[in-house]
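Going line by line, the protein sequences match chains P and G.
Under numbering that gives the first Met the number 0, the first residue of the first sequence carries the number 0, and numbering increases by one thereafter.
Under numbering that gives the first Met the number 0, the first residue of the second sequence carries the number 0, and numbering increases by one thereafter.
Check the hints yourself; a few may be wrong.
Copies of the same chain look alike in the list, so a pair counts if it fits in one copy or across any two.
To be verified - Pairs of lysine to any residue, SDA-like flavour, derived with a Cα cap of 20 Å:
1. Lys-309 x Pro-162
2. Lys-259 x Leu-127
3. Lys-75 x Arg-46
4. Lys-75 x Tyr-45
5. Lys-259 x Leu-329
6. Lys-75 x Asp-198
7. Lys-259 x Ala-115
8. Lys-259 x Gly-126
9. Lys-75 x Ala-184
10. Lys-75 x Glu-50
11. Lys-259 x Arg-124
12. Lys-309 x Val-136
13. Lys-309 x Gly-31
14. Lys-75 x Glu-197
15. Lys-259 x Val-92
16. Lys-75 x Asp-56
17. Lys-259 x Glu-280
In case anyone wonders, no lab produced these hints; they're calculated from the structure.
Number of protein chains: 2
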Amino acid sequence: MDITLDGDVVRAGQRARERFYDSRGYGRVRGGELDLAPVEAAHLLYRGDIEGVDGMDFRELLTSTAVSEVEFFVYKDLRDRGFYLTPAREGWVEDSEGVDFVVYPRGQGPWDDAVAHRVRVVGERDGLPAASLGDCVLSVVDEESEITYLDTDRPEVAGTSDPSVPATAGDLLAERAVCWDPPAALYERAFYGQRLDEDAVQLSLVEAAYLAREGHLSLDGGAEAVVERGHDVEGERFDRRLAVYTALRESGVVPKTGFKFGADFRTYADAESVENLGHSERLVRVLPTEYVFEPRDLALDVRLAHGVRKTMVFALTDGAGVEWVAVERLTP
Amino acid sequence: MDITLDGDVVRAGQRARERFYDSRGYGRVRGGELDLAPVEAAHLLYRGDIEGVDGMDFRELLTSTAVSEVEFFVYKDLRDRGFYLTPAREGWVEDSEGVDFVVYPRGQGPWDDAVAHRVRVVGERDGLPAASLGDCVLSVVDEESEITYLDTDRPEVAGTSDPSVPATAGDLLAERAVCWDPPAALYERAFYGQRLDEDAVQLSLVEAAYLAREGHLSLDGGAEAVVERGHDVEGERFDRRLAVYTALRESGVVPKTGFKFGADFRTYADAESVENLGHSERLVRVLPTEYVFEPRDLALDVRLAHGVRKTMVFALTDGAGVEWVAVERLTP
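Please put together the full structure from these sequences, using the hints given.
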């Protein structure tokens with residue numbers, strides 16, 4: 000079998016097509032012959048199904064620049080898990096944008112129409128633009144070549160909690176506000192703030208800014224004074240957090256601090272009252288639209304959320320609109 | 000009872016001493032009379048034990064600049080938990096450096112010698128220099144005024160694993176090395192790398208750099224080539240990680256990647272073999288000596304470590320020596 004490297008394609012001929020494409024889904028057919036991506040050829044070499052590529056053995060091909068080691072590890076892992084997959088080259092698959100492999104449902108292959116996962120390969124040191132996530136599976140290869148799969152999605156954010164409350168008054172402290180005698184609904188139904196004693200309720204700066212803007216809270220200097228204080232202590236981050244807080248409340252979702260989980264907010268979609276809160280379903284981290292993740296930080300957030308039975312959601316905003324990206328661990 | 004604010008001290012007289020110091024451990028005695036810190040006076044006001052400070056009621060004192068709201072929340076929380084405590088002012092307690100409150104064991108007070116906790120009060124937006132941790136309890140007040148207690152310590156790092164292995168050879172790939180036919184001890188006893196197949200073992204760049212420096216691994220260009228590659232992909236962070244990896248191995252501890260936990264390493268103190276690894280006890284995050292934490296990130300790391308039954312340890316290094324700081328959740 001004559002197998003040669005031609006630029007970034009491995010040409011393998013017609014017999015290879017019968018053996019490797021028709022029965023096992025490797026490569027792409029061109030005029031009855033088989034083209035392989037180098038990573039596919041490396042896998043066939045690794046398995047001993049072919050003997051060489053242009054005279055190179057597996058070791059030589061893997062240490063050459065023709066094959067990315069992280070792509071090879073992911074390709075091998077997915078094959079080991081029983082999937083057929085195709086390198087996402089232009090012309091090889093329908094939509095190659097932003098992904099490295101198109102993975103078919105188990106038992107299916109490139110002859111079928113179904114796609115199980117669109118997989119992007121990421122080394123643990125590669126920067127990962129947050130806005131590029133939402134419709135792919137990340138396969139992150141760490142420095143010891145272990146692979147973590149993370150499914151990314153654009154979730155709907157919607158709940159049934161009414162954010163409006165009877166108006167009340169408060170005092171602005173250094174980094175929070177206090178309502179000394181608020182209506183019971185403020186805390187008990189709409190779940191704003193925390194009790195300071197039987198009467199008084201303390202509010203975070205985002206809660207106070209939102210309530211003041213909505214006309215539910217009056218304090219010296221109004222909403223502007225709260226937002227200004229927010230800027231003093233958090234800078235632009237405060238605008239982003241307030242935009243996300245507002246978007247959540249307007250969607251009927253109750254956001255409370257996510258500090259204990261290292262996040263900005265934990266959220267309750269259907270809170271009816273403090274006594275009937277249920278489990279908070281999501282952790283929300285607020286990020287600038289142009290944020291670039293380190294994969295390690297992403298792994299940290301997703302792992303923690305999983306451990307407390309919540310879904311990690313990133314809220315990307317420039318202070319106006321909000322894009323939501325959910326990331327969860329996946330075992331393909 | 001005549002109670003006045005005099006600079007940053009509240010003067011409360013002799014009867015207050017009998018009522019509040021002698022029986023409940025508030026304040027400090029000066030010539031038979033009682034001095035209170037404003038936060039203590041605020042607590043007495045809050046409880047209704049005194050009626051005013053210079054004509055101010057609780058609301059006026061809390062919204063004044065005399066009392067920090069976050070200090071008040073922590074003071075109140077510790078009192079609610081049944082502790083007596085003293086503001087860590089110079090001359091009021093023995094060692095006031097770096098802490099805000101000295102907390103006595105339950106049932107004891109400022110008349111006794113024992114100290115249960117030395118507590119530093121931190122707002123969730125305050126920067127927290129990593130090197131300042133190690134002998135205090137952090138009480139972090141989040142934006143909704145909930146308090147998270149974190150105990151910080153300087154742990155011993157020691158284990159019983161032998162880091163030396165018979166010499167072998169390898170190839171350097173883009174971000175790792177591969178030993179194609181290493182001695183079994185490399186992976187099976189000393190737990191370097193991961194199996195690629197029955198023979199070959201892949202090593203991370205820190206593992207390869209350490210082994211090459213120790214003379215256990217030969218590859219083209221030697222240890223220098225690996226370190227150079229490390230710099231190419233990680234910059235100075237690679238020096239820090241290699242310094243910490245080396246310190247761990249030299250202490251008899253086996254470090255493996257902590258990527259799945261968002262950390263640099265997970266560590267095994269008494270690994271005898273891959274088959275007899277036991278549970279990894281610690282997660283290690285490598286940081287520059289001058290690193291300043293955001294409390295939220297610290298909460299995230301510690302929460303995750305707790306959830307996987309490990310202790311979070313920060314390794315502070317400028318590339319040479321390593322300082323270890325352990326941080327764990329505490330319920331006082």
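- Query: Is it within, between, both or neither when you check Lys-75 against Glu-197 at 20 Å Cα-Cα?
  - Reply: between (61 Å within a copy, 15 Å between copies)
- Task: Please work out whether the CA atoms of Lys-259 and Arg-124 approach to 20 Å or closer within one copy, between two copies, in both situations, or in neither?
- Result: For Lys-259 and Arg-124, only the inter-copy Cα distance (14 Å) is at most 20 Å; the intra-copy one is 27 Å.
- Taking 20 Å as the upper bound on the Cα-Cα distance, should Lys-75 and Arg-46 be classified as within, between, both, or neither? within (10 Å within a copy, 67 Å between copies)
- Query: Between Lys-75 and Glu-50, at a C-alpha cutoff of 20 Å, which is it: within one copy, between copies, both, or neither?
  - Reply: within (18 Å within a copy, 75 Å between copies)
- At most 20 Å between C-alpha atoms: does Lys-309 with Gly-31 qualify within a copy, between copies, both, or neither? neither (50 Å within a copy, 56 Å between copies)
- Given identical chains, is Lys-259 near Leu-127, meaning Cα to Cα at most 20 Å, within a copy, between copies, both, or neither? Answer is between; shortest inter-copy Cα gap is 17 Å, intra-copy 26 Å.
- Message: At most 20 Å between alpha carbons: which applies to Lys-75 and Ala-184, within, between, both or neither?
- Response: Intra 57 Å, inter 26 Å, cutoff 20 Å: neither.
- Message: For Lys-259 and Val-92, with the copy left unspecified, which applies at a CA distance of at most 20 Å: within, between, both, or neither?
- Response: This pair counts as neither: shortest intra-copy Cα distance 44 Å, inter-copy 31 Å.
- Task: Evaluate Lys-259 and Glu-280 at a C-alpha cut-off of 20 Å and name the case that applies: within, between, both or neither.
- Result: Intra 15 Å, inter 22 Å, cutoff 20 Å: intra-copy only.
- Is it within, between, both, or neither for Lys-75 and Tyr-45, if the alpha carbons may be no more than 20 Å apart? For Lys-75 and Tyr-45, the Cα distance is within 20 Å only inside one copy (9 Å; across copies 66 Å).
- Within, between, both or neither, where Lys-309 and Pro-162 count as close if Cα-Cα is 20 Å or less: Close neither inside one copy (23 Å) nor across copies (40 Å); limit 20 Å.
- Message: My question is about Lys-259 and Ala-115: at a cut-off of 20 Å on alpha-carbon distance, are they close within one copy, between copies, both, or neither?
- Response: neither (35 Å within a copy, 24 Å between copies)
The earlier numbered hints that this structure contradicts are 1, 7, 9, 13, 15.
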